[in-house]
Amino acid sequence: MENLQLLLDGFSVLFTLQNIGVTILGAVLGLIVGAMPGIGSLAGVALLLPLTFKFNPTTAIIMLGALYYSNMYGGAFSAILLNIPGDSPAVMTALDGYPMATQRKRPGQALLTSNMASFIGGTIGMIILTFMGPALADIGLKFGPAEMTALLLVAMTSIGWLVGENPTKGLLLTMLGILLASMGMDTLSGSPRYDFGSIYLLGGIPFTPFVIGVVGFAQVIKLMEERNKKTQVSIEKLTIKGSMLTLHDFKRLFFPAVRSGFMGTFVGVLPGAGATTAAFMGYAAQKSFKNEEPLGTGAIEGIAACEAANNGAAAGAFAPLLALGIPGSGTGAVLLGGLMMWGLNPGPLLFTNSPDFAWGLIASLFLANIVTLVIAWGVIPFLIKILSVPTKLMIPIITVVCVVGSYSTSNSMYGVLIMFLSGVMGYVLTKCEYQTAPVLLAFVLAPLLESNMRKAFIISQGSLDIFFQKPISLVFIIILIAIMVFPVVRPLLIRLGLMKRKAS
Amino acid sequence: MKKLALIVIVLIVALVAPLFAQGSAEAASTGFAPSKDIDWIVTSSPGGGSDIYTRIISDIMTRLDVVAGQTFLVANKTDGGGEVGRLQVSRVNAGNLANHTLLTFNSGDLMPMVKNTANRLANFTPIAVMAVDKQLLYIGEYSKYKNFNAVLDAVAAGKQVVIAGSKGDDIATYEKMIGELGVNQNQIAFITNDSTSAAITSILGGHVDLVMSKPAAADQYVVAGKLTPVLALSKARFTGNLASAPTLSEVGDYDDVEVPVWRGVVGPKNMTAEAAAFWSDAFQAVSESNAWKDEYINKYKLVPEFRNYMEAQVYMAEFEADYLKSLGK
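Protein chains in written order, with the working numbering: chain A, 1 to 504; chain B, 1 to 329.
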């Protein structure tokens, strides 16, 4: 209960007019930054950091914390309405969000689902952070290269749930994702791979333009085929009343959100894995649970699973940052840079030396969570009007958004070029009935897997034993084998009467 | 049509006018003084070490009023691991722009550049070296070894020791160290992490034996008792809470190993000598200011070591030659 007391102290730090003001400001800015494709939390926090130097450190971090956090909400808006993920964790949201908004004609419900799930996932993450922050950070530390490798192997098999009917295609797409991800500088030795003599390719393929292209620009090309269609959704339905979730909807989103919230928080704590990985894993895991509609066709469960996971991860990532001074993501690293510039020393002593600061920040996350929910709810009726814009006008608008988003990742035309090329690739893949999700998932996970596996082999001098000697990694290896063997063994079990045939 | 023509004319004028403005403002006097905004390129992400370094210096320069009231435009060019930004700066044509372009340039930038591209220091005009940093090896709370002699004994007994560190400078320091110790990369292995904080994460979890870090990144962990310095990769011991770590020559019959990690600034090759001298003076003014000591050197625990443009030229060229030799190029 000591932590609860400290959290309340945190709230007393928070509840000054100025701090509440900056929380709201941060939350609003975060929503905007998150909704703009390409400008994710990393760029948002980095851009605003210099503005905060005149603030006192607590006020500054409260604003940036609120911005970082509400960014996870904003990313879903453009993913659902335009099929362009506003930031990378929202990639998975687009898979179900966009079909739900356009094909099922329930854009308001899709946005509300994502907001509610974000709120639930974030709240779970914050409660865990409050009571178990330092302990959680210690669990994260237990995940060394061997443990991370085993976990990521399990995550890689989850691609199997995403590939749909044709496993050969799925395997091909996964390989393509891995191949593209391995371009650029080798993470361990620093030697160039597949750079084809171009200095741009030395840095590899940047993730954000790649995603905007594969998901967003491919969508634009597809829209061109149907450019004379009037609007995507008839205008009558676009009211706040028509956007309310039914009790049944809420029941459908609640359990996936809770489950993903826990999982996301845990993934957020792990070194090197961020909100994006959490969202991918949350979504993939949801595939193995019961869904009322198949995922990928606009299922509420799908939106809830990934949105709750990424908000849980955003909260979870603060545990190693505050307890140990270890940034779990690029955004965390910028925040850490900020802490130093404000004259604080991030590290294991932060909670002891600057409790006001640490608990004020955690309290501000709670406030930001509520503020963002309310604001997001309020803007939904206006946002969904976007869908009533005729397709032929949407094409140039979305194109501009894609170009701006991909340009802003590194302020150069290189990102734009990558975006166009991967857009064409994404379109061709979709046209030939290849799903793009496995490519993206492999693209995110492969570099993590590669560097962890190679580190593990350096430690073990090339021996495989390391994966079996460490208890945590052994558990994941057993899960991995179970996942791989199960489809083969299942018919056998059914024949022996040990398992019931799945009712289909 | 008329309206359209008018708009086009206005647009053309708007585009061309600044060019004239620039031309007319060119300094007529013999010396150099900034006459336009200064482009300062940083080849790493906002919020990182190089970015903070750049923004602090540009801020102090503005406060000291040494740039004739001109504005710094700091641009982060991260494409191609920074190589694109460096190549752009090296190719700036002679003229006013070349004299108003700066590039943050550290040993950690030079190494991947000469290793992976054909770009060389000769394509830049060194302006200043501002500070240097050195490395130490630390053990964690749960490390098997309590000092560096124990590490060497374990290696002699055929055990493998694993060091975690970051890229660039750390790898160069590690290679020089095992060269001096006369062991191979299997006896003392090195794991490259994306950042020092990732390396510290792995030792806090007990996954590696030693971690290599500069004093600033490890400071809080030393204070908290989670890391203990065991070897100073420097020609002399450090001070303060790092004083307990011996140098390599104190540990045994070895020479001290030191790969100084420097932070500097360069301009394009086509920058004039007058401009280089002006900028060198401006950086010297920063290095002598109290703001620099308080806001940067002390906070990030670096060794202040100013070198002007002529000294920096020699220093950086020597560093490049050494590094090329170690690569066998």
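Any given hint might turn out to be false.
[To be verified] Each computed DSSO-like pair below joins lysine-lysine, with the alpha-carbon atoms no more than 27 Å apart: (1) A:470 - B:293; (2) A:54 - B:235; (3) A:470 - B:226; (4) B:235 - B:299; (5) B:235 - A:470; (6) B:144 - A:142; (7) B:134 - B:144; (8) A:142 - B:159; (9) A:470 - B:159; (10) A:431 - A:169; (11) B:301 - B:226; (12) A:54 - B:144; (13) A:142 - B:146; (14) B:293 - A:54; (15) B:226 - A:142.
[Said to hold, decoys possible] Reference listing, derived: stretches of chain B covered by chain A, where coverage requires no fewer than 3 residues with Cβ under 8 Å from a Cβ of chain A: (16) 67 to 80; (17) 257 to 267.
[Unchecked claim] Covered stretches of chain B (in silico footprint by chain A; criterion: 3 or more residues with CB under 8 Å from a CB of chain A, positions within the stretch not fixed): (18) 112 to 119; (19) 203 to 212; (20) 318 to 329.
Hints are computed from structural coordinates only; laboratory data are not their basis.
All C-beta atoms, glycine included, are put in the ideal place defined by N, C-alpha and C.
Notebook entry, point to check: Which earlier hints turn out false for this structure, listed by number in ascending order?
Noted result: 1, 2, 5, 12, 17 and 20
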